[in-house]
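A.B. asks: Each chain, letter by letter, is given below.
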Amino acid sequence: MMAATPETEIVAGIGNDYKYGFHDEENYVFKSERGLSAEVVAAISERKNEPDWMRKFRLKSLEYFMARPLPEWGGDLSQIDFDNIYYYIKPTAEQANTWEDLPPDIKNTWDRLGIPEAERNFLAGVGAQYESEVVYHKLQEKLESQGVIFKDMDSGLRDHEELVKQYFGTIIPQNDNKFAALNSAVWSGGSFIYVPPGVSIEMPLQAYFRINAENMGQFERTLIIVDEGAYVHYVEGCTAPIYTTDSLHSAVVEIIVKEGGRCRYTTIQNWSTNVYNLVTKRAVAYKDATMEWVDGNLGSKLTMKYPAIWLLGERAHGEVLSIAFANEGQHQDAGGKAVHVAPKTTSTITSKSISKNGGRASYRGLLEVAKGAEGAKSKVVCDALILDEDSRTDTYPYISIDENNVDIGHEATVSKIGEEQLFYLMSRGLSEAEAAAMIVSGFVEPITKELPLEYAVEMNRLIQLQMEGSVG
Amino acid sequence: MGTPTGARILIMALLELKNLHVALEDGTEIVKGVDLAVNTNETHAVMGPNGSGKSTLAYALMGHPAYEITEGELLLDGEDLTQMEADRRAQNGLFLAFQYPHAVPGVTVTSFMRSAINAVRKAKAGEDDPIPIPEFRQELMAAMEQLKVPREMASRYLNEGFSGGEKKRVEILQMAMLKPRIAVLDETDSGLDIDALKIVAGGVKDLVGPNMGAIVITHYQRILNYIDPDYVHVFVDGRIVEEGGPELAHKLEAEGYEAFTPALAAGGGE
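Protein chains in written order, with our numbering: chain G, 1 to 472; chain X, 1001 to 1270.
These aren't lab readings, by the way, just hints derived from the structure by calculation.
Please note that the accuracy of each hint is not assured.
Stated by the list, open to error - Just the calculated beta-carbon pair ranges, DEER-fashion:
id	chain 1	residue 1	chain 2	residue 2	range
1	X	1132	G	400	22 to 32 Å
2	X	1024	G	411	32 to 42 Å
3	G	56	X	1160	50 to 60 Å
4	X	1161	G	396	52 to 62 Å
Just so it is clear, CB atoms sit at the ideal spot from N, CA and C, and this is done for glycine as well.
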């Protein structure tokens, strides 16, 4: 969609850190050298005044990252230039991102999307933040009175070190994969959430209201702990194209759902099409707990993301709903993983992909049932919609079952938009593009209906734009 | 040729078919020269046996890409429709109630209706002109009530899992909401029990008036008992072979289509 331009490089605006300028203590400049080395990693840790264990954790992770080869499966990663990336940038108030500084096609798309004011102003870093801040503080007060912690990861580490230390890197070990190792070495931003036992947070926690924090950076790190019987719905990302001049986004999200708890994690991402989006997301669910990943991937050059759920306790339930839209030049390699370790655990993975203009959408999923997970049930459904002859879809379902008494289902469909269906809709006055967009919106509706309303509306608008071909 | 047709030829009708020929993509001619003129306030029944080309005629009127108009004219309000795609024909006031409406999974009847109405309004206004939601809701509820479409249908996915009768009712509902100038109903009566037929026919009859004319395509005379056509056209092997008033439908019912085949064999029909 757009090329990196030098003058916006430092701003790294939307991709890195877009709230700057409200709080004096964050009013400093720091930018690491390009490329990755022990010095760079140590400098990041030092800048953040981190405890020694975290500094060591980062440096060890760097060793793992360096030692590991690039994965040879999934998408083509050979073009990533690790030496040409800033791994940490801290902008200043003077560099404030203004609406005018954004590339015209991004502005245009936001206009057309009708992004909610609060989100748009926040994304653009201009105007009206005061309102969001008020909302944010009201929310914070209420959460704090319930004992909920909702902070950016850096503040979480500073203010709740023991809690962070207990869980950080336990769900996704630092050497889990090359990109998890990278994130572990250079992470910055992301969210830290703790929900105490029995506390149910009614409204979704949305990253974009957390304006005092770094988030949606390139290497954000999120840790969510849902204690016994508690509930939280966390929403990250936004449907506006996230503009970044740096081409690598590699996040890690770890979630622990304790007995009887429930967590839903919703992501809608629309990275600009120069971005490699390589994310590791994993949750563990204990007895009677429920974990749900709702994951929408619209942008990026290559996305490799397979939200995983380890069902560790009896009757734990896991759900993955994912949508991928692969347009011209894009490869969406997405799916989900469910690992059944305990008896009577259940999981559902529903994946919907759309490919258009030569885009490629792959479903890659793992279903594993360990010995002893008696009575486990799992259903995997992947539906692909291909909009033209140039586009491609693949399905890679990996299944490994070590238990006899299980109920496993896998369904996959590939469909095209039929001439008759288009004609039917056009006979009611819809243009061909509108008709096709409507069919596509309907196709993903089982997932969009699970989104908070404003996101669902934006998602549909975005699909319409993709169908017009006006958004890259 | 019956007198009503002769009278109508003198003035320009709203919808005019002049020597209309329609062929499939492989060149096979299905509609072999049809003349028909339809005005508002008129209901025309086009009656024909299976395989006569009735549905092809309906599709061709609406602009289905698989059916090519190879000869003749098709005019709506004097404007040539043949070069317009289906969406523009619809925006100009043409409507087709499908014999087999397609399912659109994930799209509710309500959301579909609103999108369609807004597409037509946009075409008319030349810019976005969405119908105010309260007005839309009110109209939709009123139309659903009149057609005895249960309220919960509004939030069901369009035609998905609908019974035959539900599909036909929702087709008529769409017609009521879109307010076309000319509606073509393709075997809307097929698969309906008598109660559903009465409701659907009543809905059509209510809409035909100063703002709308209708072409009712059917195999059977049954629906005509409830719609009261002004004109009946007998359609056999791609041609109109006989025209008349409502009495012609009864003759057909009594004698069957065989009676009209010799006329065709003798080269008649016009």
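A.B. asks: Between residue 1024 of chain X and residue 411 of chain G, does the beta-carbon spacing fit 32 to 42 Å?
C.D. replies: 36 Å, holds
A.B. asks: Could one say that the CB atoms of residue 56 of chain G and residue 1160 of chain X fall in the range 50 to 60 Å?
C.D. replies: Holds, since residue 56 of chain G and residue 1160 of chain X (Cβ atoms, about 57 Å apart) stay within the stated range.
A.B. asks: Per the hint of 22 to 32 Å, is the separation of the Cβ atoms of residue 1132 of chain X and residue 400 of chain G within bounds?
C.D. replies: 56 Å, violated
A.B. asks: Holds or violated: the 52 to 62 Å window for the beta-carbon distance between residue 1161 of chain X and residue 396 of chain G?
C.D. replies: With a Cβ separation near 32 Å, residue 1161 of chain X and residue 396 of chain G fall outside 52 to 62 Å, so the hint is violated.
In this structure, the hints that do not hold are numbers 1 and 4, in rising order.
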